[in-house]
Amino acid sequence: MIGLAVRGLSVSFGGVRALRDVSFAVAPGEILSIVGPNGAGKTTVFNLVSRLFDADAGTITAGDRDITYLARHEIAAVGIARTFQNLELFDHASVLDNLLLARHAHRQSTVVAQILRLPSAMRAEVEHRLRAEQVIERFELERFRSATVANLPYGARKLVEFARALCLEPKLLLLDEPAAGLNPEERADLAFRIADVRDELGTTIVLVEHDMGLVGEVSDRVLVLNDGQLLAEGTPDVIRRDPAVIAAYLGAAT
Amino acid sequence: MDPWTTLAQLIVNGLAAGCVYGLVALGFALVYKATEVVNFAQGDLLMVAAFAGWTLIEVAGLPYAVAFPVTVLLLAVLGFGLDRVVVRPILGRPQFATIMLTIGIAFAMRGVVSMTWGPQARTFETPFSRKNTPFFDVVLSDVSLSIIAATAVLSALLFAFFRWSWLGIAMQSASQNQMAAYLMGIPVKAVTSLTWALSASVAACAGLLLAPIALVDIALWLVILKAFAAAVLGGFGSIPGAIVGGLLIGLVEQFVGVYLLQEAKGIAGYVVLLAVLLVWPRGLFGGGERKRV
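Protein chains in written order, with our numbering: chain G, 1 to 254; chain U, 1001 to 1293.
Because the hints were derived from the structure by calculation, they are not lab data.
Hints may be right or wrong, so weigh each one.
What the hints assert, rightly or not - Here are the simulated lysine to any residue pairs, SDA-like style, with alpha carbons at most 20 Å apart: (1) K1189/U <-> H104/G; (2) K1189/U <-> R72/G; (3) K1033/U <-> F1161/U.
Assemble the whole structure, with the sequences as input and the hints as a guide.
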């Protein structure tokens, strides 16, 4: 499992300074939550770490590798997977195919071997299918296995995206508002699954989340962003009582 | 000729022409699915391939079996380069810009071909030229049979490619959701250029197969019009739809020409195109993948 270190990260979009000199670190195997009001720059952190945008300044290190300027498609090979607030799935493919696509970074067979269905390619295929089935079992997605993603209820699609990220066998997992739009039962399942993934697979997890209940339940540490800047950092209990955090959320005068 | 012989030959000729339309339509579908660009230069890629094949066979003296794959490879490189150098910088601009761009590419290719090879039509020898195969009472031309057989093999290869190979699957995923494809470790831009390469290779196969019956001539690009009808009939962007649409257009043309009205043969494909657009715009395999706004 790998840690993540962000140093002096800044980025602007037009005149908006989305992040200003943000630094933080996540230890291997840790669960860190990033919270903050809307527009605080939480998802921007994810977009920079997963290389969808370029940072204006600062460095991002995953494990001992500097990924600040890595190509987007190489992120998976470093061991980073993420989910999206608004879901980015292959909507017209089945759940199983979505999960198998996440095995892409692990593929070794050649195109010719695969077209001719050579034994080497078939063995690799069976291996990938096995890994996908393990994730399906972990997330109890059996009944959705061959359903087309576009036809699934929202909660199930969120779970599929989480499952697909796991199929990458990530060493660092970024979950962007995993609880948004879930009903209480699904939310409870999610809290269990996040903890389960870390405890059983050892995956380092960074969450962006508004649901403070979930954050308190699963996080080792919480980071508060406000207006593109780091406001506070600490255990969930400390953060909940921090006057600066309360002020940022509630707008109370201090 | 007795009616059964006529019928059998019509079917074979119709299928042969239809295969070529289908392959060109397939080229459309590949690029359209990957980038939402309608490549109006698809017919010109076919035309360039026919000229390249003629040069390799008649000038360089290569045997057909060598010239064929070499031409396909050359066109793959051309397709890759077109995307990398010309099309990629303009992606994300309004659709109109990309349409003008591919029309521009088409005119440029026609210009280069007429400057390099001149306006006269020519032919090249193939192992199938001027040969026939008797089939019961019917005599079928080997050229037509070669087109049908080659299209069948090519379709099977493409089916396997898209179904089982990581690259084929990567191409489909990149066309469905670019952002997700990136995060799955798929180099989307390179994969898109490879899709153009594949599309141009398919056009090359169509050009080399068509040349023995249609002459190597600049006007070969006009096949794009029939292919357009085939693509719309099959459902624009559908790969099986392109082949089936092509076969149907090829058959309709032949049948209309013989059983209905000789003069109507040339416009039969466009009548089908208009009819499909009016009453059934999604086409045969259009499916429900309508764009959401």
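Outcome of the hint check:
{"no.": "1", "hint": "K1189/U <-> H104/G", "result": "holds, 16 Å"}
{"no.": "2", "hint": "K1189/U <-> R72/G", "result": "holds, 11 Å"}
{"no.": "3", "hint": "K1033/U <-> F1161/U", "result": "holds, 16 Å"}
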